[in-house]
Each structure stands twice: as structure tokens, then as C-alpha cells.
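Enquirer: Here's the letter readout for the chains.
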Amino acid sequence: MENIAEEVLMGNRYALAKAITAIENERENAMEIMQKLYPHTGHAYVLGITGPPGAGKSTLTDKLAKEYRRQGKTVGIIAIDPSSPFSGGAILGDRIRMNDLTLDDGVFMRSMGTRGSLGGLSHKTADAVKVMDAFGMDVIFVETVGVGQSEVDIVKAADTTMVVLIPGMGDDIQAIKAGILEIGDIFTINKADHDGADKLATELNMMLDLDGVMKEWRPPIMKTIANQNIGIAEVVETFGKHHNHIDGNGQLTVRRTERTKNEMLDLLDSRIGEHIRRNVVENGKIDKLVEEIKARRTDPYTEAAKIVSEMLK
Amino acid sequence: MDKIKVLVAKPGLDGHDRGAKVVARALRDAGFEVVYTGLRQTPEQIAAAAAEEDVDVVAMSLLSGAHPHLFPAVVKLVREKGMKDALIIGGGVIPDGDIPALKEAGVSEVFTPGTPTGDIVEYIKAHVKK
Ligand SMILES: Nc1nc2c(ncn2[C@@H]2O[C@H](COP(=O)(O)OP(=O)(O)OP(=O)(O)O)[C@@H](O)[C@H]2O)c(=O)[nH]1
Ligand SMILES: [Mg+2]
Numbered sequence: 001m002e003n004i005a006e007e008v009l010m011g012n013r014y015a016l017a018k019a020i021t022a023i024e025n026e027r028e029n030a031m032e033i034m035q036k037l038y039p040h041t042g043h044a045y046v047l048g049i050t051g052p053p054g055a056g057k058s059t060l061t062d063k064l065a066k067e068y069r070r071q072g073k074t075v076g077i078i079a080i081d082p083s084s085p086f087s088g089g090a091i092l093g094d095r096i097r098m099n100d101l102t103l104d105d106g107v108f109m110r111s112m113g114t115r116g117s118l119g120g121l122s123h124k125t126a127d128a129v130k131v132m133d134a135f136g137m138d139v140i141f142v143e144t145v146g147v148g149q150s151e152v153d154i155v156k157a158a159d160t161t162m163v164v165l166i167p168g169m170g171d172d173i174q175a176i177k178a179g180i181l182e183i184g185d186i187f188t189i190n191k192a193d194h195d196g197a198d199k200l201a202t203e204l205n206m207m208l209d210l211d212g213v214m215k216e217w218r219p220p221i222m223k224t225i226a227n228q229n230i231g232i233a234e235v236v237e238t239f240g241k242h243h244n245h246i247d248g249n250g251q252l253t254v255r256r257t258e259r260t261k262n263e264m265l266d267l268l269d270s271r272i273g274e275h276i277r278r279n280v281v282e283n284g285k286i287d288k289l290v291e292e293i294k295a296r297r298t299d300p301y302t303e304a305a306k307i308v309s310e311m312l313k
Numbered sequence: 314m315d316k317i318k319v320l321v322a323k324p325g326l327d328g329h330d331r332g333a334k335v336v337a338r339a340l341r342d343a344g345f346e347v348v349y350t351g352l353r354q355t356p357e358q359i360a361a362a363a364a365e366e367d368v369d370v371v372a373m374s375l376l377s378g379a380h381p382h383l384f385p386a387v388v389k390l391v392r393e394k395g396m397k398d399a400l401i402i403g404g405g406v407i408p409d410g411d412i413p414a415l416k417e418a419g420v421s422e423v424f425t426p427g428t429p430t431g432d433i434v435e436y437i438k439a440h441v442k443k
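First to last, the protein sequences are chains Z and W. Residue 256 in my numbering sits at position 256 of the first sequence, with consecutive numbering throughout. Residue 356 in my numbering sits at position 43 of the second sequence, with consecutive numbering throughout.
I should point out that these hints are in silico values taken from the structure, not numbers from a laboratory. Remember, it's a predicted structure, so these values are computed and weren't measured experimentally. We treat Cβ as the ideally placed atom computed from N, Cα and C, and that holds for glycine. Where hints are given, some of them may not hold.
[What the hints assert, rightly or not] What follows is a list of derived Cβ distance ranges for each label pair: (1) His40/Z with Gly395/W: 20 to 30 angstroms; (2) Ala418/W with Asn283/Z: 45 to 55 angstroms; (3) Asn3/Z with Lys443/W: 20 to 30 angstroms; (4) Asp193/Z with Gly427/W: 41 to 51 angstroms; (5) Asp409/W with Val281/Z: 49 to 59 angstroms; (6) Glu310/Z with Gly395/W: 41 to 51 angstroms; (7) Asp104/Z with Lys443/W: 27 to 37 angstroms; (8) Asn29/Z with Arg353/W: 30 to 40 angstroms; (9) Arg70/Z with Gly395/W: 23 to 33 angstroms; (10) Ser377/W with Lys215/Z: 48 to 58 angstroms; (11) Gly395/W with Ala295/Z: 54 to 64 angstroms; (12) Thr41/Z with Lys442/W: 23 to 33 angstroms; (13) Pro413/W with Gly196/Z: 51 to 61 angstroms.
Extracted from the complex, chain Z is given alone in its bound form (with noise of 0.2 angstroms):
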């Protein structure tokens, strides 16, 4: 397909479907078609959902997409699954919890793999959410697993972020606390159907009330139970209330400023990067740099210096 960016704009699903593709694949034709399609960007409105692996995140995801279009927003969605470390594959599994949505024309749904390489994986992750965002999409989720470090590099790409835990994780939250307080804008305690449901909300408020210091928002805690579409439309209800605060005090221009700012200083890391890996690596000339060097005829210091100061003429 020619043109790629072009019926993006248009409307072409299939179009839409190829340029996550170029994107995802590193294809030559990614840089083309993010520079004609961001001047259309900046319209959605970016939603994080993590947790840990099963705790119910696609079953919400599914649930929240369908509030969302039945108050008239287009919704896209992005669910990232660990690729294998071994083989490098993946199975996406996303989907079987959001069948109902695939012959909805108002919703874009797109699994990923994590591929390995986690920094890779959130600047793509950013591009995807900008195309389904020029595309039209109102609302864009975005899905990952755990919160680890990698989780919370993608999950700034979003405006609100959820956190999804369950019942019965015991002492998990204790190893995961430090990652999920800083991330989470809400908590929702999903399975509440299940027994424990209280007693991890009450462990979840001393937490966040240990942090001490006084916030001027507070992370709400909900609870849901997302295969019954029990509590859904209050989290929808809340993640507007997040939005209105934020768009309130100005955090939301301070957060997409300081994600403007941190991604072109990523594309200028991997662009300098790149160079690097052509002009240096790739011919040979740093292996005879390394010999030098084991050599003592010179030293590390004296030759990345060189060829800082080699590029930059």
C-alpha cells in the first residue's frame, strides 16, 4: 500500500493496521508516515491499564471500550504481551477477552509483542497511540503486563494510568509497592467477587497514606468485577474526573509537555545511535579502535571523544 499516512487520514482501517506494522517492524516507511501524520495527533486522550498477568486487565479493557462507545467516543486499543525470551515468539492472547468489539467500526484493536528490547518497545508504543490518534480514535487504551520498569516507560505514554490488582496477591503488593505508587493516577481491586477484596483495599490505603505528604489528588481505589460489568461505569466516571484534574491545574500540559521533551530526546539518542552503529561499528573501525586500545597506544576516553567531536562537524 502507497500512500500509508494519507488513508490513515482517510479513514482506511487497513491503512491504519499497516503503518502499526512499519512501526513495530522498524520498516523505512515508519519515519515518513509519523512525520505526515503528527500534525494530526494530539486529540486522544491516553489511558494506561496495568497489573499483574491475569488480574482481569483485557476483560476490563473490553468492558470500559464498550462505556466508552456507548457515550458516542471511538476507542482504540493497544495490548502489549511478553514475547518469548527464548524463542522470541509471542502468543497474543488479548483478543479472546474483546471478540465483541472486533466488528465495531468505532474501535481499533491491536495486540504487540514486547520483542525484547523493552526502550524499543515504548517508543513504538508512543507511535502506535499517535497513529490510532490521527486516525480519530477519542480514546486510547493501552494494556501491559506487570510494573516493572519497562511497564512504567510505556505506561507514560498515557494521560491517566490504572492499576489492576486482585485479591489474595498477599505479599506480592509488598514487592510491587514501590512501582505501583508511583504509576497509579487510580486503583481498581478487580475479582472483587473474590474473597479479600477489603482487606488489600485497606493494605492499599495505608500505603497510599503512609506516602505522607498531602497530594492534591488522591488515587481513588475502586473495586470491579469486570466480567460482569460491575463497576465499570464508575471507573469511566473517575478516569474523567482525573482528566478534568489534571486539565485543571495544568499537570496534563506539564505531563505531555515533559513527553514531548523525553521523546525527541529518545529519537535524538537513537538517531546518534544509529550513526554510531554505521559509522563505527559496522565498518569494522571499532574493532581496530579496541585493539589499539588494548594496546595502551591509547584509551577509550581519547577515542569516543574523537568521534564526538568527528560527527559533530
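Once you have looked at the hints, place chain W with the ligands on chain Z.
Expert: Same frame as chain Z, now just chain W with the ligands:
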């Protein structure tokens, strides 16, 4: 680098997906990205998911005997989405006599029960258009 992306789909009403899951895992272990959508998919849902995910391969598995109708329906809808290069293969309990008609309808290859998963992997690697 491009990865081979496969939609493993279960059209029709039969309620077993053990076979489909075994294939999905074998494909993952071969380094493919496998989108699995669960049981009881209509041809319309399969084609829509294939297009959104922009897969290279649609692999259908069917035990119910509805393949003479469902497999060609999927082929037709997938092509209508503009996916002219996607490789479409099928598997399941399919009588030998039905296979020529399925191939005629655009199913590239049909794998009957007992086919080693490695053969499916090799077939995809040899025939996928990247
Ligand atoms: N009892 C109960 N089960 C639920 C609830 N929400 C989801 N489930 C079930 O939990 C299982 C996992 O749900 P998913 O939505 O796939 O969970 P996930 O967090 O997206 O899983 P991964 O993407 O694999 O990490 C499914 O069988 C759901 O039907 C709930 O509130 N209560
Ligand atoms: Mg999921």
C-alpha cells in the same frame, strides 16, 4: 526486523481448542507472533481481526465439519479486506476428498490430524510473503 505474525482462528461452533492451542504454542516456539482469538469466531470476526493485526498468515482450525462453508468464507472476506498476500491455511478433521475444493477456494494448504507441528512451521516459513 519483521516477525512472522499469525492469526490462529477457530471458526464455527465446536467447543474444543486444544489442537489450536498446541499449534499456537508450536508457532510461538518457532519465533512467530501468534494472535489467538478464542473459540467460535465468525468468518467476519476472523477477517476483521486479521486485518487489524495485519497478520501474514491466517491459520484456521475446525473440528465440526463445517469447513466446506467456513474456510472459503474466511478466504473471501480476508481478500476483501485488501489482504491479497496473506497466506491462509486450515487444519482439523477434514476428509481428503474435501481438500481439492478448499484449495480451489484459496486455502493454500490443509493439515489433517497427526501432522507434526514442525511441518506447519516449515510450510509457513517456505510460503509466507514478507
Ligand atoms: N471471578 C472473576 N474473574 C474475572 C474477573 N475479571 C476477569 N476475570 C477472568 O480472569 C481471567 C483473566 O482475565 P483477562 O482479562 O484475560 O486478564 P489479563 O489481566 O488481561 O491477563 P493477561 O493479559 O494475560 O495478563 C479470565 O478468565 C476472565 O474471565 C472478575 O472480576 N472476577
Ligand atoms: Mg490481557
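Enquirer: Please go over all the hints and tell whether each is borne out by the structure.
Expert: Results of checking the hints against the structure:
Distance hint check for His40/Z and Gly395/W: the Cβ-Cβ separation is about 22 angstroms, which falls inside the suggested range of 20 to 30 angstroms. Range check, Ala418/W to Asn283/Z: Cβ separation about 52 angstroms, and the 45 to 55 angstroms hint holds. The given range of 20 to 30 angstroms is respected by Asn3/Z and Lys443/W, whose C-beta atoms sit roughly 21 angstroms from each other. Range check, Asp193/Z to Gly427/W: Cβ separation about 42 angstroms, and the 41 to 51 angstroms hint holds.
Checked against the hint of 49 to 59 angstroms, the C-beta distance between Asp409/W and Val281/Z comes to roughly 54 angstroms, which is consistent with it. For the pair Glu310/Z and Gly395/W, the supplied restraint of 41 to 51 angstroms holds, since their beta-carbon distance comes to about 47 angstroms. Hint check: Asp104/Z to Lys443/W, Cβ distance near 30 angstroms, so the stated range 27 to 37 angstroms holds. About 37 angstroms separates the C-beta atoms of Asn29/Z and Arg353/W, a value consistent with the hinted range of 30 to 40 angstroms.
Between Arg70/Z and Gly395/W the CB atoms are about 30 angstroms apart, so this pair conforms to the stated range of 23 to 33 angstroms. Distance hint check for Ser377/W and Lys215/Z: the Cβ-Cβ separation is about 56 angstroms, which falls inside the suggested range of 48 to 58 angstroms. For Gly395/W paired with Ala295/Z, a C-beta distance near 59 angstroms keeps the hint of 54 to 64 angstroms intact. Between Thr41/Z and Lys442/W the beta carbons are some 31 angstroms apart, a value that agrees with the proposed interval 23 to 33 angstroms.
Between Pro413/W and Gly196/Z the CB atoms are about 58 angstroms apart, so this pair conforms to the stated range of 51 to 61 angstroms.
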